[in-house]
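So the sequences go chain by chain: A and B. For the first sequence, this note's numbering begins at 19 and goes up steadily by one. For the second sequence, this note's numbering begins at 6 and goes up steadily by one.
Simulated from the structure, these hints should not be mistaken for laboratory data. It is possible that some hints are incorrect.
Pairs of lysine to any residue residues, derived as SDA-like cross-links and limited to a Cα-Cα distance of at most 25 Å, are as follows [unchecked claim]:
#1 Lys121(A) <-> Ile92(B)
#2 Lys264(A) <-> Thr86(B)
#3 Lys306(A) <-> Gly112(B)
#4 Lys121(A) <-> Leu100(B)
#5 Lys264(A) <-> Ala84(B)
#6 Lys306(A) <-> Ser119(B)
#7 Lys264(A) <-> Leu55(B)
#8 Lys255(A) <-> Phe102(B)
#9 Lys402(A) <-> Ala8(B)
#10 Lys133(A) <-> Ala8(B)
#11 Lys264(A) <-> Trp95(B)
#12 Lys264(A) <-> Val93(B)
#13 Lys76(A) <-> Ala8(B)
#14 Lys121(A) <-> Ile109(B)
#15 Lys121(A) <-> Val215(A)
#16 Lys264(A) <-> Val88(B)
#17 Lys53(A) <-> Ala72(B)
#18 Lys287(A) <-> Ser470(A)
#19 Lys121(A) <-> Gly112(B)
#20 Lys53(A) <-> Ala68(B)
#21 Lys121(A) <-> Phe102(B)
#22 Lys264(A) <-> Lys130(A)
#23 Lys76(A) <-> Lys143(A)
#24 Lys255(A) <-> Ile85(B)
#25 Lys255(A) <-> Ala8(B)
#26 Lys130(A) <-> Leu23(B)
#27 Lys121(A) <-> Leu155(B)
#28 Lys53(A) <-> Ala71(B)
#29 Lys264(A) <-> Leu80(B)
#30 Lys255(A) <-> Ala68(B)
#31 Lys53(A) <-> Arg104(B)
#32 Lys335(A) <-> Ile109(B)
#33 Lys264(A) <-> Ala71(B)
#34 Lys306(A) <-> Ala8(B)
#35 Lys236(A) <-> Gly112(B)
#36 Lys130(A) <-> Ala8(B)
#37 Lys556(A) <-> Asp488(A)
#38 Lys255(A) <-> Gly112(B)
#39 Lys53(A) <-> Arg588(A)
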Amino acid sequence: VKVLGISAFYHDSAACLVVDGEVVAAAQEERFTRKKHDADFPLHAAAYCLQAGGVGPKELDVVAYYEKPLTSFARLMETYLDSSDPRAYNSFRHAMPAWARQKLWIPAIIAKELKRIGYRCPRVKFLEHHESHAASAFFPSPFQRAAVMTMDGVGEWACTTLAHGIDSTITPIVQQDFPHSAGLFYSAFTYFTGFRVNSGEYKLMGLAPYGEPTYVDKIRDELIDLRPDGSFRLNMKYFDFMTGLKMTNHRFAELFGGPARKPESELTKREMDLARSVQVVLEDIVLKSARFLHMQTGETNLCLAGGVALNCVANGKILANTPFETIWIQPASGDAGGALGVALGAYYAQKGTKRVASPSDSMRGAYLGPTFSSDEVQAFFDGKNVKYTRYSDRAQLAEVMAGHLASEKIVAVARGRMEFGPRALGHRSILGDPRSPRMQRVMNLAVKKRESFRPFAPAVLGERVREYFDLQGESPYMLLTTPVMPGVRKECEPIRDDVRAWVNQERSTIPAVTHVDYSARVQTLTPDRNEFFYDLVKAFEAKTGCPVVINTSFNVRSEPIVCTPADAYRCFMSTEIDVLLVEDCVVLKSEQAALPETEKLDFDKLPLD
Amino acid sequence: VPAIAPESSWLTHWGVQLGIGAAVATTAWLLGARIIAIVAVSVGAVVALLRFVAPAVHGKFAAGMAALGRGAASLVSHAITLVMFGIVIWPLGVLRFLRRRRRIPRGADDSVASYWVRARVPRPALQNWQFSMGPARVHRVASSIWVLVLVPLAVFGLNFAVGIELNDMGHETWRTWTGDRHTASTEQTPDYDALIDERADARTGALVSAIGEFVMSYDGKLLSAKDGERPSYQPTTLQDQPPIDVYFFGGSEMWGYGQRDLHTLASEYTRFAEQAGYRVRAHNYGRSAWVNWQEVAQFAQLLSSGRRPQVAIFLTGANDSAAYAVAKTNPLFKRELQIPFALGGIEPSTADWHPVSAFHILQKHWANWSRLREPAKKPVLDADGRWSTASLPPVPKKFEKIADTAADDISAILHNNLRLAHQLGDLYKVRIHAFFQPTMFSRRIHPDEVLGRYEHYEQPVRFQYRIRVQRRLDTLLDPSLIVSASKALDKLDVPGGLDWVHLNEAGARALAQFVFANTEATLREVAAAQRTGAPTP
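So here's chain A without its partners, still in its complex pose (with noise of 0.2 Å):
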């Protein structure tokens, strides 16, 4: 059974294809289109998976939404109906063009698009948004039985869900319905602390160790009402999202002292402490939730997915505070994920399917993307005139590299199957050298364009993650927070008046992935599941001693990550990299001509995300 899942119109569009219950194939429609965020119809990303899978024109038996809009439809006109603020038209006037032209006619759309690309559509099947993400998390986890928890946005009326996973079922068990919700309430402080709604919660996760908790008690007075079972209500008094243009109104900016910040203006430390603040908040709520989740299904096992379930900082907390003793996480939570859930349910929905977990997990390490063969390759290096090295043999290619990391120099890898999710790991990413103190700050600035107080995240070797971070288990998707190990740390005094040179402090062995609080984000390698990159990084552990690189996604500020060898070469020319890697063909910096002014992105048209 061929079953294509599709998740659009909102944002993250993405297209997955699961044959026999097996993930085939699974893509992000940014990474082809090079929108970011783009939420139109998966086309490419479609056709790529179908035909990843070999799948012939009539051969496609199931096609499935990862939504149902009628119901969010439907949910959309009674919050309106139960609004007497004539304000709301605006936000009425934008919603109703996108859903007369495109969410009500989803089947039409489906059939039309996939008539684009040779297909011939069957039938359209609707899962609900959080059953979508229910799905992503538990059909793929290693875990034949689980604890699901969900938590997002909004879907159609729900938030968040608590779920029970066993074989081939979920059954949900409870739900948090809108407005009341973890993802909305998260996303109003990025909103107030000026980053983009749905693309800048990671910042804000990201800056809460420079704050101090400072807000906590206004926000638990004043904006939720939180429960000991995790549920909760926000008070919308002070929140605009529900028939607003706006996530937050007046009455908030009153109660934080002062207007929202304005995207790319100086971060003040009231933005710090407000990052600390609510982060704090939603732990609580995720942790609450989370026991209360394990009181009602008994289980030591929980999947997690859904936009909050890319705040890795509330997940390391659920591993150390929580009865759970597993927890696996779908690598693309977001709504790109909600493709693949549906994919999944809609292949164990039908009848005798039956569902065995695997010992890792379904996901193949997330590495579900197009790749490109070496010939591929070459000609496109040979077309452009570049001077490249090509390397037959695995393991000296990870020699070559491995070098030139251990001498300080900033590489970039493109090179296997593509990640689906927001993480690289490792076949798309730009690696460096952890005990660089000035690693960071290069990467942020020369490399990657962004704000110069985001951490990096470390990649290290499975067998000795536990001598540089306290982490029990693993984290192969890099989706989890955790301190790194007292034996690596650098003891210093935290700098809060300065915030940049707080940031340059070497507080550990490895600086570069160590952020202010000993926190790093870890992704642990198995030659299984990783291979040349793990091989990479063994390489670099034999030069060096270490084994920790830093991973960081191969991409600039609001730009997607880089699919083809085009988009990577084209990445590599703009920026400070120094070494490309394109499948097994490196690239040199320094023995390149200039490219063109008009073929190098234009940073200056590229705001912060």
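Given the structure of chain A, go ahead and fit chain B onto it with the hints provided.
Same frame as chain A, but now just chain B:
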């Protein structure tokens, strides 16, 4: 990645553009705005040419047009959403707020221990979208939304069904009045299609001061007019006799709405007279929609201009009963029918004549319900092919008085006009005869057909209303002034149709025979006077 077909092909793109251009030009041409049509085609051709000659200019033009289109679409979108929000959404929101019936909680609630909610029962309306792994969990949406949507739909749907049921007569006579190409009654009229075409061409009129619209000159194969007069049959025999000039005045029945020139009432009258040995020279001054006072006024004008017939025949009909009587109770009718058509001098379009607004449509739908309350839901033909009297809807009580008043008015006005005509006749030595044939419709017409025709007017204008007017008029009219021709068509055996005299030459012949029978004595006297050289009696 497999090849991805473009969203729209070149052919589709240009096909749509050219199609729109062609549609605009064709519509403009058909509406008579030929300059606009020519401009549209020219602009289209220039733009198409620009695409090849000056692509850059074409690109700017296309971008400009696209921007205009987006602007227009945005305005339309604004308007629609404003109406939706302003009329439906927001008022309901305010109502909920005032009644404290908001359903979405907006803050803490101390009365509950937990804010978690359990799984919900699915809503059947969404079953086709429903597809769930566990117990279905669709949020129960407020029933008011569905009441808001489904109740009006159900009412309109039921209304529609009732209307279809009531209107489905399944009989050949159920034909539209305005689509009058063919009915059973027209089958005996040769060249009927050609006659209709010519009638449409000849309908332009000229305004004559103080009288109304006059017939314009027209020279057709079957239908013609000159100097406001329609040609009539001229006797080929009796050339040795001096002609008797007979002027015919009336509305469309007299003009010969459904007859060829040589088969109008006036022509048939001439034939009957010829067979009886009288050489009549007929002058047909009938005009569609005219009423009695117009006819008398025209008679006076003709006399004052030196014309002098020996006999003048007036045929008063439905126009009078409608225009005089109903105008008193329903000014709309007079405005719609009489003034623009008969007095305005300009042929009104159907849209002007029957303005169909949303209100009219609602009114029509609502009328279906009131018809359900009437005793006869579906009138039936009896064994004689007549619509059962018992099945006719009763006249509402309040309309009886209106109908009686109308009949009183009509009789009074007719009597006064005809007394004036007689005084003129006495002065100018013209013999006057007047006939009244108020029932424009023959007996085999379905009552709903009458209702259908008049449904744009108010309910008093009903078949039964007219019948009551006619019955009362029969008792009020002074036979010395006006002869009722109501029963003239009773013995006519022609397949049924909407309006015999309007659409059927046999009807005109039957009515002419009746008129001749009632005026033969006058012709005899006039002919005798001519022979003796005495003045007209």
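To see whether the hints hold, each was checked on the structure:
1. Lys121(A) <-> Ile92(B): 23 Å, holds
2. Lys264(A) <-> Thr86(B): Answer holds: Lys264(A) to Thr86(B) is near 20 Å, not above 25 Å.
3. Lys306(A) <-> Gly112(B): 19 Å, holds
4. Lys121(A) <-> Leu100(B): This hinted pair is violated, its Cα atoms lying about 29 Å apart.
5. Lys264(A) <-> Ala84(B): Roughly 23 Å between the alpha carbons, so the hint for Lys264(A) and Ala84(B) holds.
6. Lys306(A) <-> Ser119(B): 12 Å, holds
7. Lys264(A) <-> Leu55(B): 46 Å, violated
8. Lys255(A) <-> Phe102(B): 15 Å, holds
9. Lys402(A) <-> Ala8(B): Given that 25 Å is the threshold and the Cα spacing comes to 24 Å, the pair holds.
10. Lys133(A) <-> Ala8(B): 11 Å, holds
11. Lys264(A) <-> Trp95(B): 19 Å, holds
12. Lys264(A) <-> Val93(B): 24 Å, holds
13. Lys76(A) <-> Ala8(B): 16 Å, holds
14. Lys121(A) <-> Ile109(B): 23 Å, holds
15. Lys121(A) <-> Val215(A): The hint holds at about 21 Å.
16. Lys264(A) <-> Val88(B): Given pair Lys264(A), Val88(B) holds - Cα atoms ~23 Å apart, limit 25 Å.
17. Lys53(A) <-> Ala72(B): Given that 25 Å is the threshold and the Cα spacing comes to 23 Å, the pair holds.
18. Lys287(A) <-> Ser470(A): Since the Cα atoms of Lys287(A) and Ser470(A) sit roughly 16 Å apart, the hinted pair holds (cutoff 25 Å).
19. Lys121(A) <-> Gly112(B): 30 Å, violated
20. Lys53(A) <-> Ala68(B): Given pair Lys53(A), Ala68(B) holds - Cα atoms ~23 Å apart, limit 25 Å.
21. Lys121(A) <-> Phe102(B): 29 Å, violated
22. Lys264(A) <-> Lys130(A): Answer violated: Lys264(A) to Lys130(A) is near 34 Å, above 25 Å.
23. Lys76(A) <-> Lys143(A): 17 Å, holds
24. Lys255(A) <-> Ile85(B): Violated - the C-alpha atoms of Ile85(B) and Lys255(A) are around 30 Å apart, more than 25 Å.
25. Lys255(A) <-> Ala8(B): 51 Å, violated
26. Lys130(A) <-> Leu23(B): 24 Å, holds
27. Lys121(A) <-> Leu155(B): Answer holds: Lys121(A) to Leu155(B) is near 22 Å, not above 25 Å.
28. Lys53(A) <-> Ala71(B): 23 Å, holds
29. Lys264(A) <-> Leu80(B): Holds. Lys264(A) to Leu80(B) sits at ~24 Å (cutoff 25 Å).
30. Lys255(A) <-> Ala68(B): 44 Å, violated
31. Lys53(A) <-> Arg104(B): Outside the cut-off at roughly 47 Å; violated.
32. Lys335(A) <-> Ile109(B): 32 Å, violated
33. Lys264(A) <-> Ala71(B): Cα-Cα ~30 Å, so violated.
34. Lys306(A) <-> Ala8(B): Violated, at about 50 Å.
35. Lys236(A) <-> Gly112(B): Holds, at roughly 16 Å.
36. Lys130(A) <-> Ala8(B): 15 Å, holds
37. Lys556(A) <-> Asp488(A): 21 Å, holds
38. Lys255(A) <-> Gly112(B): 8 Å, holds
39. Lys53(A) <-> Arg588(A): 15 Å, holds
Taken one by one, the earlier hints fail for this structure at numbers 4, 7, 19, 21, 22, 24, 25, 30, 31, 32, 33, 34, listed in ascending order.
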